[in-house]
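Below, each chain spelled out in residue letters.
There are 2 protein chains.
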Amino acid sequence: MLKIAIDAMGGDFGPTPIVEGVLAALKKDRHFTAILVGKKDELLPLIPQKFSDRIIIHDCDDVIDMHDHATDALKRKDSSAYKAIQLVKDKEADAYVSAGHSGASMSLATLRIGRIKGVSRPAIATLLPTVNGATLVLDVGANVDCDANNLKEFAIMGQAYAHDVLDIDNPLIGLLSNGEEESKGNEVSKEAFKLINGLPNFVGNVEGNDIFNGTVDVVVCDGFIGNIMLKTAEGVADTIGKIIKDNLRRSLISITGAVLMRKVFKKLKLKVDYAEYGGAPLIGVKAPVIIAHGKSNAKAIKNAIFQAIATADSNLNLHIEEKLKQFKD
Amino acid sequence: MLKIAIDAMGGDFGPTPIVEGVLAALKKDRHFTAILVGKKDELLPLIPQKFSDRIIIHDCDDVIDMHDHATDALKRKDSSAYKAIQLVKDKEADAYVSAGHSGASMSLATLRIGRIKGVSRPAIATLLPTVNGATLVLDVGANVDCDANNLKEFAIMGQAYAHDVLDIDNPLIGLLSNGEEESKGNEVSKEAFKLINGLPNFVGNVEGNDIFNGTVDVVVCDGFIGNIMLKTAEGVADTIGKIIKDNLRRSLISITGAVLMRKVFKKLKLKVDYAEYGGAPLIGVKAPVIIAHGKSNAKAIKNAIFQAIATADSNLNLHIEEKLKQFKD
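Chains as they are written, first to last, in our numbering: chain P, 1 to 329; chain V, 1001 to 1329.
FYI, nobody ran anything at the bench for these hints, they're computed from the structure. Careful, some of the hints might be misleading.
Computed cross-link-like contacts, BS3-like style, restricted to lysine-lysine with a CA-CA straight-line distance of at most 27 Å [stated by the list, open to error]:
1) P:LYS245 with V:LYS1263
2) P:LYS190 with V:LYS1190
3) V:LYS1027 with V:LYS1091
4) P:LYS245 with P:LYS299
5) P:LYS263 with V:LYS1242
6) V:LYS1091 with V:LYS1325
7) V:LYS1245 with P:LYS266
8) V:LYS1077 with V:LYS1039
9) V:LYS1266 with P:LYS266
10) P:LYS263 with V:LYS1263
11) V:LYS1242 with P:LYS245
12) P:LYS184 with V:LYS1295
13) V:LYS1245 with P:LYS263
14) V:LYS1184 with P:LYS295
15) P:LYS190 with V:LYS1184
16) P:LYS184 with V:LYS1077
17) V:LYS1184 with P:LYS75
18) P:LYS266 with V:LYS1242
19) P:LYS242 with V:LYS1245
20) V:LYS1075 with P:LYS184
21) P:LYS245 with V:LYS1266
22) P:LYS286 with P:LYS323
23) V:LYS1190 with P:LYS184
24) P:LYS77 with V:LYS1184
25) P:LYS245 with V:LYS1245
26) P:LYS28 with P:LYS91
27) P:LYS89 with P:LYS39
28) P:LYS242 with V:LYS1242
29) V:LYS1266 with P:LYS242
30) V:LYS1263 with P:LYS266
31) P:LYS242 with V:LYS1263
32) V:LYS1266 with P:LYS263
With the rest of the complex left out, here is chain P (with noise of 0.2 Å):
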């Protein structure tokens, strides 16, 4: 029976959706258990009788605010992160998920959990729709200054994590670039290109729209590029949606149409919305942690919930470990 231990109060609106999502998650996988850490007065008047069974709250009274600084997370020992990620540690819980702090998680999960064996610095890796699937990007936001051999331990990390958790076959690599000729690319980048062209599956250079066109299920860039790349794509889908719903209300006729193709566009939403896919693993530590955005509603608790039972069902790390091993210069 796996333990899921949660950061009950972390994330934008609350406990409410986050318990939420935990009910949903239970309701649906029977071989898990959900501990919540976080206030207990707040929690317990969520919580039905029928799940007090497969629920366990950590009491605490401290939360890491939004608005706290990362390096506080160590020193806040009674946050409902630090003990959340202290369970984990101390084996008592399997995998961590939280909408809470994010620079908090990552760094309370890399320094209390641990790095895997061989692993420089964890990732986090983000999926993001194409027309037919998703793409696996990372560093979308760990680490803003990379140097090539990071880059080329978060293509063997982004490589086994799409090929034990995301069950893709054979999964190509692309590493991000200015243009897909090998001479492209900054110093880091062109460096890095000759470390990663001895992985297997490697395709080269990919450009910014190759993410979206699912042109490789891997792409590999820092941590800062990666946050740019995900704000810019989002800037662009909500910039699109609001021209759209600007122009709607001038016309009768529009309205109708829109009316007519609302289904398309539920279609549209459920390929864009973050909530399908729960949330952004952050690769090369210990253990199993999702970081969920702030935002996160109980849809998306409930698919991060399933990715971390996904993370820990796999030997990923083992994988991740061995391979570091295999291509290590």
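Knowing the structure of chain P, use the given hints to seat chain V on it.
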């Protein structure tokens, strides 16, 4: 009377859309002469008699192909790009427009026309649509590895362009980063933040989505990130379009909806269509250089010519020189 030198052979579709764009521009603006550089026997049949006094043809045999190396451009002295740039260098033309090999245009412009005093590196700028207008982003491809001082110069050049050519009174500048806080950024961007901080109307760090929110008028980044950001934006817009189309095919009701919404889609296309903006100016060289998209249609070429004219009519380059001097450390 301004003279605009146009690389008539560049572009993915040969000289036809380019000449059509030139004719459209000549019809609308009576105060310039077009110098078409290219193969005379291919160009002549495309030009109606009534335009013959406003078009000069400079014959040449060679065309730099999209597959050629940019570094060869300097040796190919009989190419349309080289000759058109030479006309500007020799002051026989006031500005240069090309939809050909952008790397070749950049190298030729930088090395043959030369940089404005104080400019370390020219930058390519592009306009990206927001709900209510557009944001100027630079660099989007000329310089893959930039130091903090390069980024500071881009800020000064972009702000001057927004003021002098785009007619924005007090253009706000933002530095592209992985978060708004001053503490966010990679090594280079944090260093650049300090340098740009002294410029008027600098709002600090901005994120990828801010480009499309219209938070600022000018966004500064290096050319590696700028290219990835641009391709990401194109990729997301394309993918959303494809998902809508894919799902439309499956239902008559949705198709009816789409027909009723066609005005909205048309407006959307207008907003995201690069042809509306013309081309990307190479800012920092001693004469206006407009690099149009390889897939430019006649409208894009027409607008690129108007951009060149607007720049030539402004005091942009003088202002850039003055501002660089004023804000030199």
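How the hints compare with the structure:
1. P:LYS245 with V:LYS1263: Roughly 12 Å between the alpha carbons, so the hint for LYS245 (chain P) and LYS1263 (chain V) holds.
2. P:LYS190 with V:LYS1190: holds (23 Å)
3. V:LYS1027 with V:LYS1091: holds (25 Å)
4. P:LYS245 with P:LYS299: Answer holds: LYS245 (chain P) to LYS299 (chain P) is near 25 Å, not above 27 Å.
5. P:LYS263 with V:LYS1242: holds (15 Å)
6. V:LYS1091 with V:LYS1325: holds (25 Å)
7. V:LYS1245 with P:LYS266: holds (13 Å)
8. V:LYS1077 with V:LYS1039: holds (14 Å)
9. V:LYS1266 with P:LYS266: Given that 27 Å is the threshold and the Cα spacing comes to 21 Å, the pair holds.
10. P:LYS263 with V:LYS1263: Holds, because 20 Å separates the two Cα atoms, which is no more than 27 Å.
11. V:LYS1242 with P:LYS245: holds (19 Å)
12. P:LYS184 with V:LYS1295: Roughly 21 Å separates the two Cα atoms, so the pair holds.
13. V:LYS1245 with P:LYS263: holds (12 Å)
14. V:LYS1184 with P:LYS295: holds (21 Å)
15. P:LYS190 with V:LYS1184: Roughly 25 Å separates the two Cα atoms, so the pair holds.
16. P:LYS184 with V:LYS1077: holds (25 Å)
17. V:LYS1184 with P:LYS75: Answer holds: LYS1184 (chain V) to LYS75 (chain P) is near 22 Å, not above 27 Å.
18. P:LYS266 with V:LYS1242: holds (15 Å)
19. P:LYS242 with V:LYS1245: Given that 27 Å is the threshold and the Cα spacing comes to 19 Å, the pair holds.
20. V:LYS1075 with P:LYS184: holds (22 Å)
21. P:LYS245 with V:LYS1266: OK: LYS245 (chain P) and LYS1266 (chain V) at ~13 Å, within 27 Å.
22. P:LYS286 with P:LYS323: holds (15 Å)
23. V:LYS1190 with P:LYS184: holds (25 Å)
24. P:LYS77 with V:LYS1184: Given pair LYS77 (chain P), LYS1184 (chain V) holds - Cα atoms ~25 Å apart, limit 27 Å.
25. P:LYS245 with V:LYS1245: holds (18 Å)
26. P:LYS28 with P:LYS91: The hint holds at about 25 Å.
27. P:LYS89 with P:LYS39: holds (21 Å)
28. P:LYS242 with V:LYS1242: holds (18 Å)
29. V:LYS1266 with P:LYS242: Between LYS1266 (chain V) and LYS242 (chain P) the Cα gap is close to 14 Å, so the pair holds against 27 Å.
30. V:LYS1263 with P:LYS266: holds (21 Å)
31. P:LYS242 with V:LYS1263: Holds. LYS242 (chain P) to LYS1263 (chain V) sits at ~15 Å (cutoff 27 Å).
32. V:LYS1266 with P:LYS263: holds (21 Å)
When each numbered hint is compared with the structure, no violation occurs for any of them.
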